[in-house]
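Those protein sequence lines, which keep their order, are chains F and W. Under the numbering used here, the first residue of the first sequence is numbered 1, with each subsequent residue one higher. Under the numbering used here, the first residue of the second sequence is numbered 1, with each subsequent residue one higher.
There's no promise every hint is true.
Not the full set, but computed from the structure, chain W residues with beta-carbon under 10 Å of chain F [said to hold, decoys possible]: (1) V71; (2) S75; (3) I78; (4) F160; (5) L199; (6) L203; (7) Y231; (8) F235; (9) A415.
These are computed hints drawn from the structure, not numbers from a lab. We put the CB at the ideal spot given by N, CA and C, even for glycine.
Listed here are the chains, written in short residue letters.
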Amino acid sequence: MSTAIEQPTPDSGGLAPDTVVTPTRSAGTRKLPIILGVLTIALAIVLLRSGHSGKTRFQLAVDSDFVQLPDIVVPSGPTAWVMVVISLALTGESVRRMLAHLRQPIWIPIAFAIAWMSGFLSWAAADSRILVVSLLGGAVALAVPLVFGALGGVLGERAGVVNIAIEGQLLLGAFAAAIAASTTGSPWAGLIAAAVAGALVALVLGLFAITYFVDQVIVGVVLNVLVLGLTNFLFRQVLTPNADTLNSPDRFQRLPIPILGDIPLIGPILFRQTPLVYLLYIVVVVVAYALYRTRWGLRVRAVGEHPKAADTVGIKVNRTRYRTILLAGAIAGMGGAYYSLVSVSQFNREMTGGAGYIALAAVIFGKWDPIRATLAALLFGFATNLQGVLSAIGSPVPSQFMLMLPYLVTIFAVAGLVGRSRPPAADGVPYRQQ
Amino acid sequence: MSDDDQPTPESEKPDRTPRSDFDVATEPTEPAEVDTAEDASATPEDRSRSVLREIASGDAMAGVLAVFLAVFVGSVMIAATDETVRQTASYITARPSDFFTALWEAISGAYSAMFRGAIFNYILDNPAQQWRPLTETLKFAGPLILGGLGVGLAFRAALFNIGGRGQMLIAGGAAGWIGFQLDLPMVIHLPLAILVGMLFGALWGGIAGLLKARTGAHEVIVTIMLNYVGYYLLFYALTKEWLLKTPGSVNPKSPPMHDTAILPKVLGDTFNLHFGFVLALIAVAVVWWLINRSTLGYRIRAVGENPHAARASGINVGRTYTVVMMIAGALLGLAGVNQVLGTVSSGVSLDLDASIGFDAITVALLGRSRPLGILAAGLLFGAFKAGGFTMQASENISVDLVLVVQSLIVLFLAAPPLVRAIFRLPAQEAK
Numbered sequence: 001m002s003t004a005i006e007q008p009t010p011d012s013g014g015l016a017p018d019t020v021v022t023p024t025r026s027a028g029t030r031k032l033p034i035i036l037g038v039l040t041i042a043l044a045i046v047l048l049r050s051g052h053s054g055k056t057r058f059q060l061a062v063d064s065d066f067v068q069l070p071d072i073v074v075p076s077g078p079t080a081w082v083m084v085v086i087s088l089a090l091t092g093e094s095v096r097r098m099l100a101h102l103r104q105p106i107w108i109p110i111a112f113a114i115a116w117m118s119g120f121l122s123w124a125a126a127d128s129r130i131l132v133v134s135l136l137g138g139a140v141a142l143a144v145p146l147v148f149g150a151l152g153g154v155l156g157e158r159a160g161v162v163n164i165a166i167e168g169q170l171l172l173g174a175f176a177a178a179i180a181a182s183t184t185g186s187p188w189a190g191l192i193a194a195a196v197a198g199a200l201v202a203l204v205l206g207l208f209a210i211t212y213f214v215d216q217v218i219v220g221v222v223l224n225v226l227v228l229g230l231t232n233f234l235f236r237q238v239l240t241p242n243a244d245t246l247n248s249p250d251r252f253q254r255l256p257i258p259i260l261g262d263i264p265l266i267g268p269i270l271f272r273q274t275p276l277v278y279l280l281y282i283v284v285v286v287v288a289y290a291l292y293r294t295r296w297g298l299r300v301r302a303v304g305e306h307p308k309a310a311d312t313v314g315i316k317v318n319r320t321r322y323r324t325i326l327l328a329g330a331i332a333g334m335g336g337a338y339y340s341l342v343s344v345s346q347f348n349r350e351m352t353g354g355a356g357y358i359a360l361a362a363v364i365f366g367k368w369d370p371i372r373a374t375l376a377a378l379l380f381g382f383a384t385n386l387q388g389v390l391s392a393i394g395s396p397v398p399s400q401f402m403l404m405l406p407y408l409v410t411i412f413a414v415a416g417l418v419g420r421s422r423p424p425a426a427d428g429v430p431y432r433q434q
Numbered sequence: 001m002s003d004d005d006q007p008t009p010e011s012e013k014p015d016r017t018p019r020s021d022f023d024v025a026t027e028p029t030e031p032a033e034v035d036t037a038e039d040a041s042a043t044p045e046d047r048s049r050s051v052l053r054e055i056a057s058g059d060a061m062a063g064v065l066a067v068f069l070a071v072f073v074g075s076v077m078i079a080a081t082d083e084t085v086r087q088t089a090s091y092i093t094a095r096p097s098d099f100f101t102a103l104w105e106a107i108s109g110a111y112s113a114m115f116r117g118a119i120f121n122y123i124l125d126n127p128a129q130q131w132r133p134l135t136e137t138l139k140f141a142g143p144l145i146l147g148g149l150g151v152g153l154a155f156r157a158a159l160f161n162i163g164g165r166g167q168m169l170i171a172g173g174a175a176g177w178i179g180f181q182l183d184l185p186m187v188i189h190l191p192l193a194i195l196v197g198m199l200f201g202a203l204w205g206g207i208a209g210l211l212k213a214r215t216g217a218h219e220v221i222v223t224i225m226l227n228y229v230g231y232y233l234l235f236y237a238l239t240k241e242w243l244l245k246t247p248g249s250v251n252p253k254s255p256p257m258h259d260t261a262i263l264p265k266v267l268g269d270t271f272n273l274h275f276g277f278v279l280a281l282i283a284v285a286v287v288w289w290l291i292n293r294s295t296l297g298y299r300i301r302a303v304g305e306n307p308h309a310a311r312a313s314g315i316n317v318g319r320t321y322t323v324v325m326m327i328a329g330a331l332l333g334l335a336g337v338n339q340v341l342g343t344v345s346s347g348v349s350l351d352l353d354a355s356i357g358f359d360a361i362t363v364a365l366l367g368r369s370r371p372l373g374i375l376a377a378g379l380l381f382g383a384f385k386a387g388g389f390t391m392q393a394s395e396n397i398s399v400d401l402v403l404v405v406q407s408l409i410v411l412f413l414a415a416p417p418l419v420r421a422i423f424r425l426p427a428q429e430a431k
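Could you put together the complete structure from these sequences and hints?
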């Protein structure tokens, strides 16, 4: 029948590359050198066209540090050129490995990213200073909802349920957190309410996607609209008239961890954050461990890769999927608490502003792996924070292009330009017992 | 890699000989007949059931009940958030009549305000003013129909175009640039602005189609991401004077359109209804012809039904994806043009899409991806929109209620078994 969105055929999951049109040529090995080369040339062109003189100051310490690291002051132009040379060398190494048909190890892109970013920053912040701690620490803070959302997305999709509704889970989480924290006076109650709200969205998703076999992408999109309408409606009708009692939660305060927080550089970045961030560290570790090292994780992955086989060995496919997406929804919902309990201390209309879609991007860019997805979300958080920092020091790069970065990177990722992403085989395919 | 043995799109240039089946594309069977035939023949167990299939094959009863349920939930929300209702509820056992009077007033007040805002304002005396709400409905329906056609056409090729927002923003920005940067006579200026807008929409939609065709990248992800890329591109354009910025202004908004580029009003200056709605009607006719009567439409439907079979029959699936997404982008671009040159001609801004890109998805789903269905669904949701604003102004009930009701209708429509379970109707499979 012509109007139907075809059920994904077993050989292609819900969001998998379409096998009908996917070309065979695997250009995977060639892509890294090309991308590195293009980036290096781009930086060199920028330097040639508008070279900056002067000095760039990288401030590593904050005032309250136990051990004060000295500032690093470097001449802007020469440093940037040195970094271009290093980038070029790394590109050369990657080309050599390509020609020798060797694997491209992960350290090449990481080293390249550090060198390239240092060069770029020393150019962009000439005659100015970069607060390294606030640049990286802010990135971690901004990435919190993205990481929670991405972990929720990873869990759901590993169990075979595509979750476009991360945005809705974040938004309802933020909404519930604001109300619960305001009425009880405790941000922890808000956090629990946020988790419940996220799980509630997941329950509706499961009801339609698992029990009634409705197309999961469509349910996700419609759920986002539903949550948006619902929170906007209740915000105007209920929260705004009763702002004092329902929409003035206590915020999570910064809670430095005694010894870890005193480590120079790392301490202020990672361990002088809010409790929500520490909870995030725990959740990341637990999810990554549980998914790969426990019986539960094996079952979740089995259900997502080959539900029929899982069913054959006695795993209750749909019950496992329900449980997993409820857990995933609770995790994503906790990310929503960031907006109304950490970022600002109230709920606002549409305050997540599309972060759920960035989290979805992190899921895909992170290849459906909790650790990689976390790193991707951190990267996207860094891009957002870098944009803020650069526009504060008056950088020549338009902030819009920095903000565009996560989305562009994801498009490149799904188009196979930066390594191939393969979703779980049964992702997005409802399972009906025979 | 499981797809290593697949031939490349280039290598399967259509072999003309086995195409006899598709040469009769000019005489397609009526989709409706196909539905019923398939419903009768398929056994319920192995029939794969997706949302559009459900909407298409679900019985009319479930559809009516879905709308009823959604409106009921909307009523509950109105009642629950109404101050008088809550006050009277506190002494409901003492004087229940107060509670029910308040309940009735809250709900009937909301829906009669919607009616006054969407169709006919019986409070006013002047007949022209009385019917004015209907023209507002048509004005809101125009871009919804255009957007719904864009999303629905992609659905027919089994593509999910969530990129309506980006396509509208890019197209609106391009049409707006033509609209205020150039000085031309109206006969050239207006068509040029419309065409350029559609072209940019087509390009933006075409990216997703081309990426899918060349690399297999899933269009859902690419179009979502392109929404944001488009948003920030427009944002950037609104900060540069040679693009869209108003000189001397800090607001991200362009100067107003020149009069020669504004869509003329259909019923004179007393009504806001502009030619965008006429364009939408034309688009309905064109898309209907395209899907049901053209060779391309036959290819689109063949690819949507089963891309493997379509490829085996010599259809270039990749090219079809690209073309479909370009047409879909052009249609959504037209919706963006409709906003910039018609509804809000005071200048391009970042919210020019007015969430139509997402509303279009619900319109296409409710309209079962058929042009006439989309026309009806667009009119319904246009009426919701027009009525919603009146409801907000006169009854102080947030217009966002419309979003909730709209999405609930689509959700309930998507799962007739759920609706039947709620109303304890016998399952369809049982008959």
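Q) Against the structure shown, which of the earlier numbered hints fail to hold, in ascending order? A) 1, 2, 5, 6
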